[in-house]
Amino acid sequence: AAGVIQSPRHLIKEKRETATLKCYPIPRHDTVYWYQQGPGQDPQFLISFYEKMQSDKGSIPDRFSAQQFSDYHSELNMSSLELGDSALYFCASSSRDSGNTIYFGEGSWLTVV
Amino acid sequence: AQTVTQSQPEMSVQEAETVTLSCTYDTSESDYYLFWYKQPPSRQMILVIRQEAYKQQNATENRFSVNFQKAAKSFSLKISDSQLGDAAMYFCAYPPTGNQFYFGTGTSLTVIP
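Those protein sequences? They're chains H and P, same order as listed. For the first sequence, position 103 (counting from the first letter as 1) is numbered 103 according to the numbering used here, and the numbering increases by one without interruption. For the second sequence, position 59 (counting from the first letter as 1) is numbered 59 according to the numbering used here, and the numbering increases by one without interruption.
Be careful, since some hints might not be right.
Unchecked claim - Straight line, CA to CA, 30 angstroms or less: simulated DSBU-like cross-link-like pairs of lysine-lysine: (1) H/K57 - P/K73; (2) P/K55 - P/K78; (3) H/K57 - P/K70.
The hints are simulated quantities; they were obtained by calculation from the structure and are not laboratory data.
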């Protein structure tokens with residue numbers, strides 16, 4: 001079965017640079033989520049989209065933005081990167097038809113140096 | 001505020017034995033879902049089991065089962081016949097009606113050969 005696809009899997013950026021992460025949800029899933037997981041931490045919710053509209057916002061820094069496109073893929077844009085942004089970024093998707101079970105991608109590792 | 005609490009940062013179990021991981025949550029909702037996710041060293045988030053709050057029967061998936069106590073807002077995970085591959089971080093998760101999942105802080109499970 002198709003899963004959530006994230007790219008790139010690994011990314012190294014310097015401080016103050018910009019990074020963009022991409023996410024392709026499971027086909028026919030109408031909700032996309034972005035999570036950030038720092039070392040030894042639980043996943044922290046950043047933002048979610050339902051049917052291409054932002055539906056909920058968590059602890060997403062103002063330097064970050066995200067959107068969902070007409071083909072339902074989503075992008076997380078991170079600017080003015082800081083060392084503390086180094087983390088594993090998960091995208092997940094769900095469908096109300098599946099009881100809101102969220103399925104995660106394999107994550108994108110961002111290292112800021 | 002809705003919260004999820006996992007009071008056991010670390011647990012260990014002998015191979016082939018049974019272990020129970022605890023989770024409590026806080027909600028004012030009456031109809032919702034609860035989830036356990038497993039995160040092995042690869043860091044991928046894998047769905048273990050899902051419970052629907054309106055169902056009195058505890059969910060079971062092979063060696064994994066839950067003890068769901070709705071009135072007590074308790075949702076524990078029981079792993080029977082533990083295997084080395086069960087070693088991972090386990091997160092309890094609760095999605096309120098909005099598009100955001102709340103995760104507990106996780107329980108690190110070690111399986112002793």
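How the hints compare with the structure:
A C-alpha spacing of about 26 angstroms is found between H/K57 and P/K73, which places the hinted pair at or below 30 angstroms, so the restraint holds. Between P/K55 and P/K78 the alpha-carbon distance is near 18 angstroms, which keeps this suggested pair within the 30 angstroms criterion. Between the alpha carbons of H/K57 and P/K70 the distance comes to roughly 28 angstroms, so the proposed pair stays at or under 30 angstroms and holds.
This entry satisfies every hint, going by the numbered hints stated previously.
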